[in-house]
Amino acid sequence: DVKVTQSSRYLVKRTGEKVFLECVQDMDHENMFWYRQDPGLGLRLIYFSYDVKMKEKGDIPEGYSVSREKKERFSLILESASTNQTSMYLCASSTPTEAFFGQGTRLTVV
Amino acid sequence: AQSVAQPEDQVNVAEGNPLTVKCTYSVSGNPYLFWYVQYPNRGLQFLLKYITGDNLVKGSYGFEAEFNKSQTSFHLKKPSALVSDSALYFCAVRSPGGFKTIFGAGTRLFVKA
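If you're matching them up, the sequences are chains A and B in order. FYI, the numbering for the first sequence is 6 to 115, going by my numbering. FYI, the numbering for the second sequence is 8 to 120, going by my numbering.
Check each hint, because a few of them may be wrong.
Stated by the list, open to error - Calculated cross-link-like contacts (lysine-lysine; reagent style BS3-like; alpha-carbon spacing at most 25 Å):
#, chain 1, residue 1, chain 2, residue 2
1, B, 65, B, 107
2, B, 29, B, 76
3, B, 56, A, 8
4, A, 8, A, 58
5, B, 107, B, 76
6, A, 8, A, 76
7, B, 107, A, 62
8, B, 84, B, 65
9, B, 107, A, 76
10, B, 65, A, 8
11, A, 8, B, 107
12, B, 107, A, 60
13, A, 23, A, 76
14, B, 84, B, 119
15, A, 60, A, 76
16, A, 58, A, 23
17, B, 107, A, 75
18, A, 58, A, 76
19, B, 56, B, 84
20, A, 60, A, 23
21, A, 75, A, 23
22, A, 75, A, 60
23, A, 58, A, 75
24, A, 58, B, 107
Said to hold, decoys possible - Coverage of chain A stretches by chain B, computed from C-beta distances (three or more under 8 Å per stretch; other residues unrestricted):
#, stretch
25, 41-47
26, 51-65
27, 102-108
Bear in mind the hints are in silico, worked out from the structure with no lab data behind them. Glycine residues also receive a C-beta, built at the ideal position from the N, C-alpha and C atoms.
Generate the whole structure from the sequences, applying the supplied hints.
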C-alpha cells in the first residue's frame, strides 16, 4: 500500500518560531508537493520538487522554504511563523498521472 | 493560465437520490482531470481520473465522472447517494507533461438520511 507520511497531525507553535513540517513517501516518486488548505480557497501550492535538491516556487511561497536532501523526504520550513500561517498543510507525491496525499498537519500559530 | 471552478460551495441530496458535483476547467491542450475526496481531518483520497480515452470514467465507491471537452466540464456523479458519501470533494486539473496540479475550492456534499 502506497504511503505518504507527515510527521505530525497537529502542531501548535508560537509567533516567530522556526517550524519544520516533515513528509516522507515510500513510492520512489520524483515529484513532491506542499499545499496549504484554507476554507473556501481549496488547495494552494506552496512549493514543489521534481528531484533531489531541486525545488520550484508554487503560487504562495512567501514565508516558506523547503528542503529535499533525499528522494523520499520533502520538508517545509516556516522561517518565522506568523498567525496568518495557521492552516492545514498537505504533502503529496505523484506519478505523471496521479497524486498521493499525506494525512495533513493542522498547524496553529499563536 | 490553468484554473478550476467548482461553482457550488455545498450540495445537499437525500440518501438514495442521484448526486452531481460540478466542475469546469480552463487549461491549454488536453488536460488530465481528477476528483479527490476529503473526510474530516484527513488528507485527500483519490477517486478517479481522466487521462485519455472514454469520456465516462468510473472510480472508487461507485462514483463516475464525464469529461465534456466542448463544455470544458468534468462533473462527478453517483446514481444513488449514501450518507457516508458526505465529505468535501475537490476537482483538479493538470497539463500533460506539467508538474503542477491545480485544485478547485472544493464542494461540500451533504447526504441526508
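* Asked: Which hints, by number, does the structure contradict?
  -> none
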